[in-house]
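Engineer: If you want the building blocks of each chain, they are given just below.
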Amino acid sequence: MLKVNNLRVGFTSGKRLLAAVDGISFAIAKGETFALLGESGCGKSVTAQGIMRLLPTAGRVLGGSVAMEGENLLALPEADMRAWRGGRMAMIFQEPATSLNPVLTVGQQIGEVLERHLGMTGAAATGRMVELLRQVGIADPERRLNEYPFQFSGGMKQRVMIAIALAGEPELLIADEPTTALDVTVQAQILDLLVRLQAERGMAILLITHDLGVVARMAHRIGVMYAGELVEVASREAFFSQPRHPYTQALFKALPDMSRRGQRLTTIPGQVPSLAAMPTGCRFAERCARVMPVCREQSPVWRDEQSHAVRCHWQEAVVDADVVGVGHEITDLSVSAGKEFLQVADLKVHFPIRKGLLQRTVGHVRAVDGLSLAILPGRTLALVGESGCGKTTVGKALLQLIPPTEGSVLLGGQPLVGLRGARLRSARRHMQMIFQDPFASLNPRLRVGEIIAEGMDALAVVGDARSRRETVAALLAQVGLPEEAIDRYPHEFSGGQRQRIAVARALAVQPSLLICDEPTSALDVSVQAQILNLLKKLQSELGVAYLFITHNFAVVEYLAHDIAVMYLGRIVERGRAEEVLRTPKHPYTQALLSAIPLPRLEGSTAVIRLSGETPSPANPPSGCHFHPRCPHAMDVCRSRYPESVDVTATQRVSCHLLS
Amino acid sequence: MINFQPVVLWSDIFVWLLVLCAVVFALAVRRREHLRQPWVKLAANRIAMASATVLLAFVLIGLFDSLHYRVALEGKPGQKTQYAVEVLSVLDALATPLRTRNEKTYSEPFATRLYAKETVDVPGQGTVREYPRLKYGGKHLAEHEDEVAADAGFTAFRAGALAFLGWLAVAGVVSGVVGHGEAPGTGWQRIWRGETAFAWDAVLVALALMLLVAVPLFWLSGQYHVFGTDKVGQDVLYQILKSVRTGLIIGLVTTLVMLPMAVLLGIVAGYYRGWVDDAIQYIYTVLNSIPGVLLIAAAVLMMQVVIDTNPQWFSTAAERADLRLLALCFILGITSWTGLCRLLRGETLKLRELEYIQAAQAFGVSSWRIIIRHILPNLMHIVIIALVMDFSGLVLAEAVLSYVGIGVDPTMTSFGTMINNARMELGREPVVWWSLTAAFAAMFILVLAANLFADAVRDAFDPRAA
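Chains as they are written, first to last, in my numbering: chain A, 991 to 1649; chain B, 875 to 1340.
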């Protein structure tokens, strides 16, 4: 139905034209899902914008054709194009929070599409809107039509966005990372919805994503993009059973996973070449493990075998064995469970909600509400949970960046809560934090050397300038950066390198605990693997303990020794990693684990679907916080919060089912 | 050799302090790549560089006018040297003919006679009412009064030709520097094809226009009153030259007063939040809700009373006028810091939540160190943008205040006092238009150049525009 032929899209930069998408061709049939997969900066979104002709002002279509049902879209005048956009093809975006207009009601925004493309107004339109909202699974659609986007949660907004996209009854739906901003349980709901709608309407979907799990769940055919080119196109079965391009293979190997525990992840060295400096030969040659001289000279041509096309000079069969040798190993047993050195008991962080002229406190957001945990030296505790459950607040409260409302934090037996001045400073030497966004966590106005030395200065670790420079250089070497990085500014580094700098900064004061707040969620898979390897290496060399705050279970499976699952400010289950992952006892943990889309052919069996979303911590449900979403909810759950129960010596669960 | 005594007025100190700050800042920027980047971008902007050239000319006039001295009076040898009461500046010395050749009253530009009839005793004819000849304007023409146009045109042409030659010399030097070490002529080509990193073509065009206007103007001003004379016969061109310094001081010293307050209070409010924030917000909200002109008028009048009751503080009239000018700057500064403060508070609120600030807090870095190392450098672009944009507003504010009568000392020449004086003259018949027109034109050029420059600065420094 949709045929993209040799499409080239570029951006003007001064007097030069830089091709962001360089000659890609693919076709999508009716009722088919075609997934475009690739790292950030590979031109996936630009392709979608080129098809819709919604390029930014600097963007230009340089050549090729986009034909839908035989009609060349690139040749249409802009006025005719408007009938196609929204009418025959529609798009949903990554960030549901910004893709809806906050000053119009949901009904007005859907009605706009109905009026433009179907000429529907009045009662007929209202009827259709209600029907659409019901289709995308929004309860009580008559009432919700008149509500504004701020009254909807993130997942609900994405449903509304889908309803708007469906309103024009498009034949092609372009979904640009539709679930990246959502939690796993909500992501599962949205993906189900898309599959159902596709089955009902026979729509074609162009799915743009970087997540192999989502691809495995959704796609019929897959195209892998790299640096503006398609490098491999295959059916789902062929793709997951036998990826053939070295890039695709490396992507699979870079994925953290339970089965790779204790091994080094394969990383892809370097980064995607910039638009201004595209190599002439194969664009992946610089990073490829199987590079040959011919790769650097000429761009490979397509080789097509049984609906599995690949663009590579390398023709051998897949070798399963790791080319990169298995690195250092840490088995769980090699780390002895020593004495707990950080103990948190009944930690509470409440933020007051103020209202009115005199700013009286009318309630509290219970971000963290009675949390207890313990961290052992040299081990990794993963704190998992969906967004808004208070995990980040825990990290900051441990460091005393946010004063806890109640509870105690003991560091090696010494209480931290309420410490001030010099004593707090000396206590902070033992704990440091690595933040989520490597672009926001380094001051752009300071040199890397100054950034790393900051902590040493503040905590008076080293004295004179020369020994300080040596120390900084040693730290940089430890995280795999060259010494000359000292005199450069953060903007000269890529995301992964910046995260390394952040790690070096934290290590500068020789902490025994690193709090890692989603340190890899802003990074691409191949770079994520580099950082995970680094963290693992540092743990084995220095014996640092990690508190790993994340929502990414693959990372948890790979890295964690112990796991604590958080829901709405409380820990619902904790235990050793194997126990929690293999035999989850709490219904929430079970649902979370089953909702993760796995990057494998067989996918996950028996999926537990959770309805709804995490309630607001300002007004948590009575009794067990989880009962409104729990498939096993009983009467007692609604009235009383469950005590935590020891299932084994190490696994503790808070659920009435077990008591 | 004339004996003289240098006089350092308070405003001179501020002016040269500002120059020093600018030089130090420029040196600091040169060494830091990330600070230099926006300036490099600015240097490539043609409009910015053209307006900067114009501004630089104004600044040079202002700087020449900021070196003051008193001339020694002729005295008997052996006696203690006495100095003249009048304080002069280097600019006054350069423009001595303009300053000293005063007519009796109004005369039109390029006039040879006064603008008003007077009763003159003509030997042999008794008393006659006629337009008397000017003492200086067009004196060299003697009997050929009607040849003004031809004479002035010819002089202007000669001066223009000379200006063009001068410009060619400057352009030649520049192209030599640009094409250093290459074949002769390549520098010239590269400039006009716009291939240089610095927008030399814009600078040279602006310079050419300025030279072509300024050189003939000053050449002619030796023989004529090119912009006419005012009520007391003073040359209007001279007044304009003197007004430039007043305008610049108002525009620059005020920001110097306002800046520490706005930056300090804004950052402190945004960083510490809580009651500090409340207190600072209340202060600026209250200050903002008092009508500005009223507040300034009250403060200026109080200041005037203090000055009048303490004449012993000042040895010359210039010092008194100078103090009043500074007082005006302070008052304007104190009433105009709120806007920038609010902006900086908002930005600090945003910055303090960023992760690198939290990382610093996690290291136990002290709050003041965080403010100086992490917050202040990341606010500098806002400060620079605000400074440049406020400048033109303040120059205009001075004109308005002086017009209302609460501006600078009446003895001090400024655009505002010129316009205020011209107000009366507009009521005359026939109308005296040149004073107002000249003041308007000069101020227009200054403010336009400043605004264009400010626009370019905002484009270069605003991270969102990139």
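Where hints are given, some of them may not hold.
[Stated by the list, open to error] Residues on chain A that point at chain B, a partial pick, calculated with CB under 7 Å:
no.: 1; residue: R1415
no.: 2; residue: A1430
no.: 3; residue: L1432
no.: 4; residue: G1439
no.: 5; residue: G1445
The set of hints was computed from the structure by calculation and includes no laboratory data.
Cβ coordinates follow ideal geometry from the N, Cα and C atoms, glycine included.
Engineer: With reference to the structure, classify each hint as holding or not holding.
Structural biologist: Hints versus structure:
1. R1415: Status holds, d = 4 Å.
2. A1430: holds, 5 Å
3. L1432: holds, 6 Å
4. G1439: violated, 14 Å
5. G1445: holds, 4 Å
Going through the hint list in order, the structure does not satisfy hint 4, though it satisfies all others.
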